[in-house]
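S.K.: Chain by chain, the residues:
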Amino acid sequence: MNNPKASESNASKTWRSLTHKMAAQVNQGELGFIPVVLALLAVFIVFHLSSQYFLTPRNLSNLSLQVGVLGVMALGVSLVLFIGEIDLSAGSVSGVCAVVLVLLSSSYGVPGLAAIGAAIVCGAAIGWTHGKLVTLVGAPSFIVTLTGLLVWQGVQRILVGNQIGQILIEDPIVTGIAASFMPSWLSLLLVAAITAAGLVFCVKHWKAVRNAGLGDRAGLLGRAALFPALAILAYSVLSQHHGVPVLLLILAILALVLTLVTEHTPFGVHIFAVGGNAEASRRAGINVASLRVTLFATCSAFAALSGVIAVSRQFAVDGNTGGGNLVLDAIAAAVIGGTSLFGGRGRILGSLLGALVIGSVANGLDLLGQSANVKSIITGLILLAAVSVDMIARRRRIRSGAAGA
Amino acid sequence: MIAASEPAVQLLETRKLSKRFGQVQALSGVDLDVRASSVQALLGDNGAGKSTLVKIVSGVHRPDAGEILLDGKRIELPSPRHASVAGIETVYQDLALCDNLDVAQNLFLGRESRMRGNPVLRLLLDRKSMEVEAERAFEILGARIPSLSSPVSALSGGQRQAVAIARAIVWRSRVVIFDEPTAALGVEQTASVHRLIERLKDQGVGVLLITHNMVDVFALADRAIILRQGRRVAELDPRKCTHDDVVRAITGSAAKDAALS
Numbered sequence: 001m002n003n004p005k006a007s008e009s010n011a012s013k014t015w016r017s018l019t020h021k022m023a024a025q026v027n028q029g030e031l032g033f034i035p036v037v038l039a040l041l042a043v044f045i046v047f048h049l050s051s052q053y054f055l056t057p058r059n060l061s062n063l064s065l066q067v068g069v070l071g072v073m074a075l076g077v078s079l080v081l082f083i084g085e086i087d088l089s090a091g092s093v094s095g096v097c098a099v100v101l102v103l104l105s106s107s108y109g110v111p112g113l114a115a116i117g118a119a120i121v122c123g124a125a126i127g128w129t130h131g132k133l134v135t136l137v138g139a140p141s142f143i144v145t146l147t148g149l150l151v152w153q154g155v156q157r158i159l160v161g162n163q164i165g166q167i168l169i170e171d172p173i174v175t176g177i178a179a180s181f182m183p184s185w186l187s188l189l190l191v192a193a194i195t196a197a198g199l200v201f202c203v204k205h206w207k208a209v210r211n212a213g214l215g216d217r218a219g220l221l222g223r224a225a226l227f228p229a230l231a232i233l234a235y236s237v238l239s240q241h242h243g244v245p246v247l248l249l250i251l252a253i254l255a256l257v258l259t260l261v262t263e264h265t266p267f268g269v270h271i272f273a274v275g276g277n278a279e280a281s282r283r284a285g286i287n288v289a290s291l292r293v294t295l296f297a298t299c300s301a302f303a304a305l306s307g308v309i310a311v312s313r314q315f316a317v318d319g320n321t322g323g324g325n326l327v328l329d330a331i332a333a334a335v336i337g338g339t340s341l342f343g344g345r346g347r348i349l350g351s352l353l354g355a356l357v358i359g360s361v362a363n364g365l366d367l368l369g370q371s372a373n374v375k376s377i378i379t380g381l382i383l384l385a386a387v388s389v390d391m392i393a394r395r396r397r398i399r400s401g402a403a404g405a
Numbered sequence: 001m002i003a004a005s006e007p008a009v010q011l012l013e014t015r016k017l018s019k020r021f022g023q024v025q026a027l028s029g030v031d032l033d034v035r036a037s038s039v040q041a042l043l044g045d046n047g048a049g050k051s052t053l054v055k056i057v058s059g060v061h062r063p064d065a066g067e068i069l070l071d072g073k074r075i076e077l078p079s080p081r082h083a084s085v086a087g088i089e090t091v092y093q094d095l096a097l098c099d100n101l102d103v104a105q106n107l108f109l110g111r112e113s114r115m116r117g118n119p120v121l122r123l124l125l126d127r128k129s130m131e132v133e134a135e136r137a138f139e140i141l142g143a144r145i146p147s148l149s150s151p152v153s154a155l156s157g158g159q160r161q162a163v164a165i166a167r168a169i170v171w172r173s174r175v176v177i178f179d180e181p182t183a184a185l186g187v188e189q190t191a192s193v194h195r196l197i198e199r200l201k202d203q204g205v206g207v208l209l210i211t212h213n214m215v216d217v218f219a220l221a222d223r224a225i226i227l228r229q230g231r232r233v234a235e236l237d238p239r240k241c242t243h244d245d246v247v248r249a250i251t252g253s254a255a256k257d258a259a260l261s
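In order, the protein sequences belong to chains A and B.
Numbering-wise, the first sequence is residues 1 to 405 according to this note's numbering.
Numbering-wise, the second sequence is residues 1 to 261 according to this note's numbering.
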């Protein structure tokens, strides 16, 4: 009995203990990033097989720019979903703040950075108001932000109304956000820094797993190598086109900061505590109302920033900026990335990957010459799949929790 | 450890506490004292004022009249936070745990340790020191928890109780209030809660036990105070009285008691 086991190679032992661990997690309903990574792989494979252009450096560079608006909005929306609330107004808020930016810059000559700052402050103020209405009046966030969706869309169209169609912007800082690429040396420096961080992470945690199973050691190496590998891959592909877009760097920094806040600070623990059990959080001394208001304000500030990026890509704003399916796509991105609509579960990186899934679907269908209607149908079906996976995982978690009792 | 025969130290006292909600006089002039290393049971029928008294002592409600003393000094408890800071921890019947958070996160919820060093580091959680403290707390309680990083939803009922009670150890609470701790538990889990409460007592903690369960009273309590219609009507020594004595004190009449049985 023992002989075949002893002669088994280290590699296959490692593989077995890793797959065992994963299977156990899946059984308990702890899916992590598994569904979103599988979805992303599937989308990439399907479009690579159906279009020779999908995996070209030029198209991937395009994709990384297209994902900016949705990605930034999805980051903000995730925060609100983490506490079990929803923000349907993010699209309208991004639109109205985009108009504020363009009017300040084009009509009043406010310098680019100041106008961007004003647009973001404007977004935060709108979100603060939504949060106050939710906490003071006790109205459900669904209704408050649905109201916001209608009201701010109206305000946006009134502000644009006097102009014909759209208002153009020429400020070089604003238009430069989505049109700039990092110089090669800076990209390489960042890749080196990320690789160094991976090494430090590995050395720091090696002690803890040295005596643990092979699977744990392989898991650590995998986690340490993930980001350096992604950075090197991104650089080697994007440098074949114009280089790494500045927008991608902005998105990465925002995601990194939000990850630190949600996973490594007391405030982050409080976010998930409120999402899991608001009454217990209140008894533990957390100011639940002010936390809610803060997150609604932050979410809208991110929406405003996504409006800024939209302006930067279009060089203009119109009555439809931030409209359409954008906010629903952002919510879908978070849910595809593993954020639970019931609150208390989710990760920032997941929402970013979810946005990448939706962005890739849109990009790929464009390449295939499909209409917006087909995009809408496919995105809807992916969302349905994501929600179903969430529901099944939730049932498994409840079952495995009950089995332990 | 303090032997049972030594005079126990007075920890928490209330003097002439009164509270009225609209037309209802929930409490009138109630005195209570909790001593170190001892379990004080608080008994009474529904509506007798137990919950009101507990909520005042844990900082949820403020009394209309009367005072609260800790170590003989008068204290104000305007919020639950003030009560925890003063060393009074409450273990609620529903345990007030966040199922989605892990064991360590639940233990330190609202009072997380931060890293030391530069101002940026000080914003971050110090997970390691929290885990060390948590290990110590479970060791003192003699409780086994699968892992400090497993979500509370994956724990058994007894383990969840241990997590809720370990908060009091981590915070070095001096008085721990239990609100109906065994109301929804089976025989085995009740026994495990009793063991945990005994451990707290061994640590010199004063326990205030609100319960309907006579098994709790006779297994744990050093003294039992009976409330009826917002008044303190009796104090009994569970070692010197019978089940019937306690029931009679709670219901207030021998006749009613006979009619019930």
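Keep in mind that a hint or two might mislead.
Unchecked claim - Each computed DSSO-like pair below joins lysine-lysine, with the alpha-carbon atoms no more than 27 Å apart:
1. A:21 / B:128
2. A:204 / B:128
3. A:207 / A:21
4. A:207 / B:128
5. A:13 / A:132
Unchecked claim - Some chain A residues flagged as far from chain B (calculated, every beta-carbon gap over 10 Å):
6. 21
7. 182
8. 281
9. 318
10. 345
Hints listed in this document are in silico derivations from the structure and should not be mistaken for laboratory results.
The C-beta atom is built at its ideal place from N, Cα and C for all residues, glycine as well.
S.K.: Residue 182 of chain A: least C-beta distance to chain B exceeds 10 Å?
M.R.: Correct as stated: the minimum Cβ-Cβ distance to chain B is 25 Å, above 10 Å.
S.K.: Using Cβ atoms and 10 Å as the threshold, tell me whether residue 281 of chain A really stays out of contact range of chain B.
M.R.: It is violated; residue 281 of chain A is separated from chain B by about 7 Å at its closest Cβ, not greater than 10 Å.
S.K.: Just checking, residue 21 of chain A versus chain B, shortest CB gap more than 10 Å?
M.R.: Per Cβ check, residue 21 of chain A is outside 10 Å of chain B; nearest 14 Å; holds.
S.K.: When you check the alpha-carbon spacing of residue 207 of chain A and residue 21 of chain A, does it fall within 27 Å?
M.R.: Holds, at about 20 Å.
S.K.: Please verify whether residue 204 of chain A and residue 128 of chain B have alpha carbons no more than 27 Å apart.
M.R.: holds, 13 Å
S.K.: Would you check whether the claim that residue 345 of chain A is not at the interface survives, using Cβ distances to chain B and the 10 Å cut-off?
M.R.: violated, 6 Å
S.K.: Given the hint that residue 21 of chain A pairs with residue 128 of chain B, test it: the Cα-Cα distance must not exceed 27 Å.
M.R.: Roughly 24 Å separates the two Cα atoms, so the pair holds.
S.K.: Take a quick look at whether residue 207 of chain A and residue 128 of chain B sit within 27 Å of each other, Cα to Cα.
M.R.: Holds - the C-alpha atoms of residue 128 of chain B and residue 207 of chain A are around 14 Å apart, at most 27 Å.
S.K.: May I ask you to check that residue 318 of chain A keeps its beta-carbon over 10 Å from the closest beta-carbon of chain B?
M.R.: Holds: least Cβ distance 41 Å, greater than 10 Å.
S.K.: Mind checking the alpha carbons of residue 13 of chain A and residue 132 of chain A for me, to see if they're no more than 27 Å apart?
M.R.: At roughly 55 Å apart (the allowed maximum being 27 Å), residue 132 of chain A and residue 13 of chain A break the hint.
Checked against the numbered hints above, the structure violates hints 5, 8 and 10; every other hint is satisfied.
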